[in-house]
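Trainee: What follows is each chain in one-letter form.
Number of protein chains: 2
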Amino acid sequence: MALIVQKYGGTSVGTTDRIKNVAVRVARWRAQGHQVVVVVSAMSGETNRLIGLAKEIQPNPDPRELDVVASTGEQVTIGLLAMALKAIGVDAVSYTGGQVTVLTDSAFTKARIESIDDKNIRRDLTNGKVVVVAGFQGIDAEGSITTLGRGGSDTSAVAIAAALKADECQIYTDVDGVYTTDPRIVPEARRLRTITFEEMLEMASLGSKVLQIRSVEFAGKYKVKLRVLSSFQDEGEGTLITFEDDKNMEKPIISGIAFNRDEAKFTVTGVPDRPGIAYQILGPVAAANIDVDMIIQNVGHDGMTDFSFTVGRGDFDRAKAILDQVKAQVGAKEISGDKSIAKVSVVGVGMRSHVGIASNMFRTLAEEGINIQMISTSEIKISVVIDEKYLELAVRVLHRAFELDQVEA
Amino acid sequence: MALIVQKYGGTSVGTTDRIKNVAVRVARWRAQGHQVVVVVSAMSGETNRLIGLAKEIQPNPDPRELDVVASTGEQVTIGLLAMALKAIGVDAVSYTGGQVTVLTDSAFTKARIESIDDKNIRRDLTNGKVVVVAGFQGIDAEGSITTLGRGGSDTSAVAIAAALKADECQIYTDVDGVYTTDPRIVPEARRLRTITFEEMLEMASLGSKVLQIRSVEFAGKYKVKLRVLSSFQDEGEGTLITFEDDKNMEKPIISGIAFNRDEAKFTVTGVPDRPGIAYQILGPVAAANIDVDMIIQNVGHDGMTDFSFTVGRGDFDRAKAILDQVKAQVGAKEISGDKSIAKVSVVGVGMRSHVGIASNMFRTLAEEGINIQMISTSEIKISVVIDEKYLELAVRVLHRAFELDQVEA
Numbered sequence: 000m001a002l003i004v005q006k007y008g009g010t011s012v013g014t015t016d017r018i019k020n021v022a023v024r025v026a027r028w029r030a031q032g033h034q035v036v037v038v039v040s041a042m043s044g045e046t047n048r049l050i051g052l053a054k055e056i057q058p059n060p061d062p063r064e065l066d067v068v069a070s071t072g073e074q075v076t077i078g079l080l081a082m083a084l085k086a087i088g089v090d091a092v093s094y095t096g097g098q099v100t101v102l103t104d105s106a107f108t109k110a111r112i113e114s115i116d117d118k119n120i121r122r123d124l125t126n127g128k129v130v131v132v133a134g135f136q137g138i139d140a141e142g143s144i145t146t147l148g149r150g151g152s153d154t155s156a157v158a159i160a161a162a163l164k165a166d167e168c169q170i171y172t173d174v175d176g177v178y179t180t181d182p183r184i185v186p187e188a189r190r191l192r193t194i195t196f197e198e199m200l201e202m203a204s205l206g207s208k209v210l211q212i213r214s215v216e217f218a219g220k221y222k223v224k225l226r227v228l229s230s231f232q233d234e235g236e237g238t239l240i241t242f243e244d245d246k247n248m249e250k251p252i253i254s255g256i257a258f259n260r261d262e263a264k265f266t267v268t269g270v271p272d273r274p275g276i277a278y279q280i281l282g283p284v285a286a287a288n289i290d291v292d293m294i295i296q297n298v299g300h301d302g303m304t305d306f307s308f309t310v311g312r313g314d315f316d317r318a319k320a321i322l323d324q325v326k327a328q329v330g331a332k333e334i335s336g337d338k339s340i341a342k343v344s345v346v347g348v349g350m351r352s353h354v355g356i357a358s359n360m361f362r363t364l365a366e367e368g369i370n371i372q373m374i375s376t377s378e379i380k381i382s383v384v385i386d387e388k389y390l391e392l393a394v395r396v397l398h399r400a401f402e403l404d405q406v407e408a
Numbered sequence: 000m001a002l003i004v005q006k007y008g009g010t011s012v013g014t015t016d017r018i019k020n021v022a023v024r025v026a027r028w029r030a031q032g033h034q035v036v037v038v039v040s041a042m043s044g045e046t047n048r049l050i051g052l053a054k055e056i057q058p059n060p061d062p063r064e065l066d067v068v069a070s071t072g073e074q075v076t077i078g079l080l081a082m083a084l085k086a087i088g089v090d091a092v093s094y095t096g097g098q099v100t101v102l103t104d105s106a107f108t109k110a111r112i113e114s115i116d117d118k119n120i121r122r123d124l125t126n127g128k129v130v131v132v133a134g135f136q137g138i139d140a141e142g143s144i145t146t147l148g149r150g151g152s153d154t155s156a157v158a159i160a161a162a163l164k165a166d167e168c169q170i171y172t173d174v175d176g177v178y179t180t181d182p183r184i185v186p187e188a189r190r191l192r193t194i195t196f197e198e199m200l201e202m203a204s205l206g207s208k209v210l211q212i213r214s215v216e217f218a219g220k221y222k223v224k225l226r227v228l229s230s231f232q233d234e235g236e237g238t239l240i241t242f243e244d245d246k247n248m249e250k251p252i253i254s255g256i257a258f259n260r261d262e263a264k265f266t267v268t269g270v271p272d273r274p275g276i277a278y279q280i281l282g283p284v285a286a287a288n289i290d291v292d293m294i295i296q297n298v299g300h301d302g303m304t305d306f307s308f309t310v311g312r313g314d315f316d317r318a319k320a321i322l323d324q325v326k327a328q329v330g331a332k333e334i335s336g337d338k339s340i341a342k343v344s345v346v347g348v349g350m351r352s353h354v355g356i357a358s359n360m361f362r363t364l365a366e367e368g369i370n371i372q373m374i375s376t377s378e379i380k381i382s383v384v385i386d387e388k389y390l391e392l393a394v395r396v397l398h399r400a401f402e403l404d405q406v407e408a
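Residue numbers (numbering that gives the first Met the number 0), protein chains in the order written: chain A, 0 to 408; chain B, 0 to 408.
In case anyone wonders, no lab produced these hints; they're calculated from the structure. Worth double-checking, as some hints may not be accurate.
A pair holds if it fits inside one copy or across any two, identical chains being indistinguishable in the list.
Claimed, not checked - Restricting the straight-line Cα-Cα distance to at most 27 Å, the calculated cross-link-like pairs of lysine-lysine (DSS-like) are:
{"id": "1", "residue 1": "LYS128", "residue 2": "LYS54"}
{"id": "2", "residue 1": "LYS19", "residue 2": "LYS54"}
{"id": "3", "residue 1": "LYS326", "residue 2": "LYS54"}
{"id": "4", "residue 1": "LYS319", "residue 2": "LYS332"}
{"id": "5", "residue 1": "LYS319", "residue 2": "LYS220"}
{"id": "6", "residue 1": "LYS222", "residue 2": "LYS54"}
The task is simple: from the sequences and hints, build the whole structure.
Mentor: If you want it as structure tokens, here you go:
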């Protein structure tokens, strides 16, 4: 008998029929003797509907009140799922974040969990109940309702699993695990049986949006055993996210090829190579709440340097307008922007101890005539920016070059 | 400067534009220096949508979980209204029933308020804020969310007004007050400047559904000054609901003509006139959760008596089936039912001290050839059951007979 925390996202609870299906799945785990806590999101579309109402009232809704409104989405789901469980004879009880209590800071719309009181949940589990908890939400020390921001239900599930010292935290989603790359681009892409937390962080931030990044960080910090599974398939063990310590030494060097086509690139050429220049260029961009991803500044010469960075493609026009103003202030020669780019990354903890990954990657791309525009590296990934039109080709050839289509040892 | 509690129903907050209008109205009261607490219902249609979802899951939804789901409707409105107030520069804060705290018993879907903690509200009012509270809901001693049942937002408003010792509780609705009768039937119907609590109770239970009965009882118990106003008109003082003690001695004898066409009548003829017979007939009906309104049993003769009562028209078929079973058990001769009836009542505290109201009523109906099928009286009302087809005629002639079209003194 194990204590399992399961999380079902918006698509998995998108209709009342799907909620009934989730109840059947939960009942099966209960029938095997496990204690089950279920964390749920709002029914798909509901959070957008609620935020839409708020924006009709106030284009930039007051954050405290927005959380009051947005948190109702999950509250509806917990009630419906608890009913669905009772309807098939499984005793169940629902809790909002505030009722658990999930205590957060007061950063409305992007609050962070500070502590979880597991008293109610433990009592109910002991009494044989399935406990259904609203994801995405908590309350602050004042008793105000808070939300954790988009995707926060994953974080709720992991935090509750950590508080309960659960045996496993299962994230049910519309994919059946984490793949070596997107199977729509590379049909030979394989589901990974395991992936390390660090790799998962890189894969998630690079566009393999299976899990919310913060939940993975949280799981790493509290050593929660995290598994990604499909809520639409009955078979399969999904992908287990492991700590590096646990890793099989036979594990392949590279775990997967991630990519992101939702970026745009700016290059500021001919800027004076002096201290503070990066801040002068990026400060106004950040102040406009535009996230910057890759930042490249090469060694300057003749007192001048070039400066490149990428932003989300949706922010291209706003960033361009800001840079046009910044240009004169920093005395730059030219600003160029390019929306037709894509980022491709090879990810794997194994590359730390293996030389030659970078050269293999660059050679593979060169053999296909794909020009590399920017390069950025971390301990466990190498990312390159290329022309968007070569994206699928790059992913396919890299997948093959690193033998990701081979069955795991 | 006064402390005002205002309540806006579902129609008044039915769209985001209407919520903005409510904010403007509240701002006007604030600008006059008043402290304002606003109690709101769910946007119109929302509670039905939520209950509909629940019924898709479970035809008879678990009451605790139904309240978790249904209470989200008001929670959305409080957030939106607080935003709308802030958007026009009025500082505001929202509270769910649980956040106030509105403590209730644990009778889910029809909970009763036990106490209200006014600490948070008082602090915010002192700090110049408008406090927006979700009607219809509270929490029980366990911390579970409860709802007060349909129309419960009125009760929430009155209870909060009582706890705060507010100067006035204003119920904004889609009518601009309480009328002598339905203006759609009698164009000369007048808005009453005042009506007593007891009259209001009779008017409400008789189908003039302006206020929820329980809220009126509550206001009477705690001596809350209650006023019904239109949320769609800027002019008008509405109708003030007074205690009888305050009543103007010049007040007319009769305040209004109420009616209800949503009833059906049963007559059980030839039942043995023995103790317990009423219970034997009505017990099974009540056990099936069918509300019985008028009950008439006349003096028997020859050891036999007749027994009549009315139920909601929607319960006719279920009640009929029960009575067909009961018939043999009590040895009744015949059961007859009639769905084409209507109830008409004259209501007024003045009739206590004035004879002749009943005879005036009966004569007026007789002059129009309207046969009276059942009569029931209380201290402040006389109700008759007549053929439904005469309803409008009866209301019109009674309105004129009691001079309700004359302007108040």
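Trainee: Hint by hint, note whether the structure agrees.
Mentor: Hints, one by one, checked against the model:
{"no.": "1", "hint": "LYS128 / LYS54", "in the structure": "between (39 Å within a copy, 22 Å between copies)"}
{"no.": "2", "hint": "LYS19 / LYS54", "in the structure": "between (32 Å within a copy, 12 Å between copies)"}
{"no.": "3", "hint": "LYS326 / LYS54", "in the structure": "neither (34 Å within a copy, 61 Å between copies)"}
{"no.": "4", "hint": "LYS319 / LYS332", "in the structure": "within (15 Å within a copy, 91 Å between copies)"}
{"no.": "5", "hint": "LYS319 / LYS220", "in the structure": "neither (38 Å within a copy, 66 Å between copies)"}
{"no.": "6", "hint": "LYS222 / LYS54", "in the structure": "neither (39 Å within a copy, 40 Å between copies)"}
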